[in-house]
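Trainee: Sequence:
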Amino acid sequence: MGDDCRGCQKWEEHIYWSRFQAVQFFQILSGCYNEKLAVPQKFVNNLREKLAGCVSLKGPSGAIWNIGLTACGEKLYFQRGWKEFVEEHSLQENDVLIFKYNGGSQFDVLMFDQQSCCEKEASYFIRKCGHQELINGGKANGNPTPETNSESSVEVIRATKRKKPTKGGALAQTSVKQGTQAKRGARKGSMILPGKSSSASRFQLKSNRRPVTEEEKGNAIQMASAVASCYGFVAIMTPGNVYRGFFLTIPADWARKYLPTTEKNFDLTLRVKENAWTTRCYQKQGHAVVTGTAYRNFVLENNLEEFDVCVFRLASRSDDIVFDVSIFRVVEEVVPPSRVTQAVSSRCYKQRK
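Okay, so the sequence shown: first residue is 1 according to this note's numbering, each after it adds one.
Hints are computed from structural coordinates only; laboratory data are not their basis. It cannot be assumed that every hint is accurate.
Said to hold, decoys possible - Restraint ranges, calculated between C-beta atoms of paired labels, are given here: (1) 104 to 41: 33 to 43 angstroms; (2) 92 to 338: 52 to 62 angstroms; (3) 260 to 210: 34 to 44 angstroms; (4) 25 to 118: 15 to 25 angstroms; (5) 206 to 42: 49 to 59 angstroms; (6) 53 to 215: 37 to 47 angstroms; (7) 239 to 122: 40 to 50 angstroms; (8) 102 to 332: 18 to 28 angstroms; (9) 275 to 202: 40 to 50 angstroms; (10) 222 to 24: 21 to 31 angstroms; (11) 32 to 300: 11 to 21 angstroms; (12) 317 to 42: 35 to 45 angstroms.
For glycine and all other residues, C-beta sits at the position ideal for the given N, C-alpha and C.
Make the full structure from the sequences, and use the hints.
Mentor: Here you go:
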């Protein structure tokens with residue numbers, strides 16, 4: 001090959017890697033493919049600086065998985081979260097995956113069966129771990145449907161990862177109907193939380209944040225749903241979670257599947273990046289409630305407010321139960337709430353009466 005040809009080839013490679021909006025590579029699954037997957041070295045050499053510690057993989061179904069990148073020398077691997085991605089798509093050895101990089105650490109992934117040389121049909125119809133549980137306050141506003149009899153009329157919805165929130169229609173009508181059922185359940189008897197009569201339970205906050213729009217609420221839910229998996233649940237903050245009372249009800253079905261099955265209370269850790277809060281979880285009659293001073297500190301130190309959305313992902317349940325928490329705010333600007341004095345609280349209560 002002459003110098004001119006080599007020069008042209010280098011120019012073409014430069015244009016491809018620096019100017020093309022989308023670049024692609026494929027991998028054939030082999031060896032320990034279900035534990036991690038190597039990114040081709042040429043791809044790494046050209047785009048390493050554009051890849052953050054976590055990338056998003058969008059499958060044919062439209063669902064999105066967040067996958068952690070692990071470096072080993074010059075090599076780069078899809079690792080944290082990769083096993084779940086493999087399991088939920090029922091991938092097998094020798095399957096062929098095509099990764100299309102769209103910028104911003106995002107990949108579209110197509111999946112092929114090597115034996116038939118055709119796409120894996122099942123990759124378009126993700127069912128395993130395809131349901132998410134969203135928690136929301138008990139208002140009929142077209143958001144999640146309720147299930148539990150906690151003090152704040154917590155609502156729960158089951159929707160596929162690719163389902164977008166709606167502002168009305170059948171989902172809103174279901175919410176109204178089930179919200180009434182939840183209130184009836186609450187009258188029959190609710191879980192009594194420890195320390196409700198203590199001074200800590202009278203600690204109240206008032207939001208100083210600007211009013212939020214329905215579009216902003218929906219955007220936060222969409223972003224949270226995109227990273228959720230069956231190994232966690234999504235919680236939309238209510239006043240009882242972040243302004244008063246300070247407790248979080250874990251969805252009953254999810255708790256029965258992943259938390260200790262006994263009625264015994266236990267400690268669990270909420271972890272946001274390098275910060276962690278070890279709080280108490282109380283179980284009774286199938287319900288699991290997180291509460292206490294540590295949970296309140298978790299709320300205060302992360303400036304959580306109503307309608308913010310948190311994804312709680314179970315990171316460990318061997319010796320200690322640990323949740324990694326991702327926070328999606330409805331409003332990016334953080335304006336810390338202010339504490340409401342007892343006198344003001346009492347006056348507001350009398351005015352309501």
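Trainee: So, for every hint listed, does it hold in this structure?
Mentor: Going down the list of hints, with the structure as the test:
| no. | hint | verdict |
| --- | --- | --- |
| 1 | 104 to 41: 33 to 43 angstroms | violated, 22 angstroms |
| 2 | 92 to 338: 52 to 62 angstroms | holds, 56 angstroms |
| 3 | 260 to 210: 34 to 44 angstroms | holds, 41 angstroms |
| 4 | 25 to 118: 15 to 25 angstroms | holds, 20 angstroms |
| 5 | 206 to 42: 49 to 59 angstroms | holds, 56 angstroms |
| 6 | 53 to 215: 37 to 47 angstroms | violated, 30 angstroms |
| 7 | 239 to 122: 40 to 50 angstroms | holds, 42 angstroms |
| 8 | 102 to 332: 18 to 28 angstroms | holds, 24 angstroms |
| 9 | 275 to 202: 40 to 50 angstroms | violated, 27 angstroms |
| 10 | 222 to 24: 21 to 31 angstroms | holds, 26 angstroms |
| 11 | 32 to 300: 11 to 21 angstroms | violated, 43 angstroms |
| 12 | 317 to 42: 35 to 45 angstroms | holds, 40 angstroms |
Of the numbered hints stated above, those contradicted by the structure are hints 1, 6, 9, 11, listed in ascending order.
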